[in-house]
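J.: The listed protein sequences derive, respectively, from chains H and Y. At position 224 of the first sequence (counting the first as 1) the number is 243 in the numbering used here, and the numbers step up by one without a gap. At position 52 of the second sequence (counting the first as 1) the number is 330 in the numbering used here, and the numbers step up by one without a gap.
It is worth saying that the hints were derived from the structure and are not from the lab. No experiment lies behind these values; they were computed from the predicted model shown. Yeah, the Cβ is synthetic: ideal placement off N, Cα and C, and Gly gets one too. One or more of the hints may lead you astray.
[What the hints assert, rightly or not] Residues from chain H shown here face chain Y by an in silico Cβ test under 7 Å; the list is partial:
#1 A74
#2 R100
#3 H107
#4 R114
#5 F123
#6 R126
#7 L139
#8 W149
#9 M216
#10 V220
[Claimed, not checked] A few chain H positions that, by computed beta-carbon distances, are all more than 12 Å from chain Y:
#11 L111
#12 L127
#13 R150
#14 Q194
#15 H214
#16 R218
#17 A221
#18 R230
#19 R233
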Amino acid sequence: MTKRAAPLIRCEQVEKRFGHKRVLRDVSFSVAAGEVLSLLGANGSGKTTLLRIIASLDRPDKGEVWLGPVPLSTAANEIRRYIGVVAHTPLLYDRLTGAENLQFFARLYDVKEPQRRIELLLQTLDLWRWRDSAVRTYSRGMSQRLAIARALLHDPPVVLLDEPDTGLDRESLKQMTGLIRQLRKRNRALLLTTHSMERAVAWADRVVELRAGRLHQLEGPNRIGK
Amino acid sequence: MAEHSEAGRVTRKGGGLAAYLRGVWAVAEKDVRTEFRAKEVVGTMAAFSVLAAVVFGLAFDLRVPRPELVVPGILWVIILFGGVLGLHRSFGSELDRGTLTGLLLAPVERSAIYLGKVAANLLYFLIMEALLVPVLLILFDVNLLKPLVLLALALGTVGYVGAGTLFAALTAQNRARETLLPVLLLPVLAPLFISGVGVTAVVLDGRGNAEAWPWLGIMGLYDALVYAIAFLLVDVIWERT
């Protein structure tokens, strides 16, 4: 894995405050291509804030985040093309159909040959049959799968998954595990948050935990068997 | 980054003005499509404007000798209050449904998102005004279909929607946005409102077009200022502090 030498996500001494509250303190870590990092933490520990900073939705008060060789602070809009985000809400329009949602985001991301890409993703995620149904008629698992399709529509090298296991049944969790493995195999850098230690270990190469805004390493690289 | 992914192959990079306009159009089209399915905004604005015109008609019918005296004020008051009913949904609905984050994650300029919202709102206002003008003609027997009145309506609507969409974005994250938006927005719209009433009154009174142009100048200047300020602010509006 020579590519692991060059991290795709690199956080250096990131700090974030909301008012007087320091949500993140001196957070540093990196994720290489083809690596999955699980981020554990209680509610309010700063996981989502950290993901928002890496997704360029928030700016850190101190420190810097790098995506590949590019510091986020210098490249706001263009760098978003390289990030896919699965949030714990699906970020989808419930009045639009599954296909219309993906068509909309394909236009925002300027995806070439959008129909082919949309069909591929909907087939892969077993949503093709429901492509013309309004998202409000989807089950939680279907919405989550469509949210994943939305996040992968532009085939980003960096994928951020914020509690992707929330509300999923056993079958959907199995699909999620398969998808994470597939993305890892395709050399994507994955950073995911979860409350479940079991899934953090099952899905990731390394597990870290945010406690009171500080990052603690729980498992070293590649110590978890795949 | 591109060597780690097919992103360079799957998406177009850069694209300048054409990509920017594609972003604007995508947001506008999505808003209009969802609105015509949800029927949350246009129906409310249209129903309010017609009802308000009827109420004003009943209120002034017996007391006003010449309807031209009150119609300019009625027209702009209805537009002012009818418009604010729809504007707060512009970003409010995105926040309520949790979709704003999805928009902000996309590699498009914040100003393109803002302009897409403006374009959709302009269409809603156009529908409301297209209903309101004939209703005022029927109720008050005053024809507003005159070039300078229509120009004033166009300038007023563009300025109102520009300011209103910006304020809707500013107040969207506030729980009291429905009451906060008019409280903040209406004072800011005063120059536009006064000028709009001024132009309409001059035209309906038959005082000659020369008197209307200074008002129209103020409206044009207001519009330019609103969009300049909006372009300066939209990048920082959605940053959490």
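J.: Hint by hint, say whether it matches the structure.
T.: These are the hints, each one checked on the structure:
1. For A74/H, the interface hint holds, since its Cβ comes within 7 Å of a Cβ in chain Y; the closest pair sits about 6 Å apart.
2. Hint on R100/H holds. Least Cβ distance to chain Y is approximately 4 Å, under the 7 Å limit.
3. The interface hint given for H107/H is broken, as the beta carbon of that residue sits about 9 Å from the closest beta carbon of chain Y, more than 7 Å.
4. Look at R114/H: its Cβ gets to within about 4 Å of chain Y, closer than 7 Å, so that hint holds up.
5. At a threshold of 7 Å, the smallest CB-CB gap from F123/H to chain Y is about 5 Å, leaving the interface hint in force.
6. Satisfaction of the interface hint for R126/H is found here, the shortest Cβ-Cβ separation to chain Y being roughly 4 Å, below the 7 Å cut-off.
7. Annotation: interface hint on L139/H violated; nearest CB of chain Y at approximately 10 Å, more than 7 Å.
8. Interface restraint check: W149/H against chain Y, minimum CB-CB distance 17 Å, threshold 7 Å, status violated.
9. Interface restraint check for M216/H: the shortest CB-CB distance to chain Y comes to about 27 Å, outside 7 Å, so the restraint is violated.
10. This hint is violated: V220/H has a C-beta 25 Å from the nearest C-beta of chain Y, more than the 7 Å allowed.
11. Its closest Cβ contact with chain Y, about 7 Å, brings L111/H to no more than 12 Å, contrary to its assignment away from the interface.
12. Not every beta carbon of chain Y lies more than 12 Å from that of L127/H, the smallest distance being close to 4 Å; the non-interface claim is violated.
13. The beta carbon of R150/H sits about 16 Å from the closest Cβ of chain Y, which is more than 12 Å, so the claim that it is off the interface holds.
14. For Q194/H, the shortest C-beta to C-beta distance to chain Y comes to about 21 Å, beyond the 12 Å cut-off, and the non-interface label holds.
15. Non-interface status of H214/H relative to chain Y is upheld: no Cβ of that chain comes within 12 Å, the nearest being about 19 Å off.
16. Look at R218/H: its CB is around 23 Å from the nearest CB on chain Y, clear of 12 Å, so calling it non-interface holds up.
17. For A221/H, the condition that its CB be more than 12 Å from all CB atoms of chain Y holds, with the nearest at approximately 24 Å.
18. Remark: the non-interface label on R230/H is consistent with the geometry, its nearest Cβ contact in chain Y lying 22 Å away (cut-off 12 Å).
19. The claim that R233/H is not at the interface with chain Y holds, since no C-beta of that chain comes within 12 Å of its own (minimum 21 Å).
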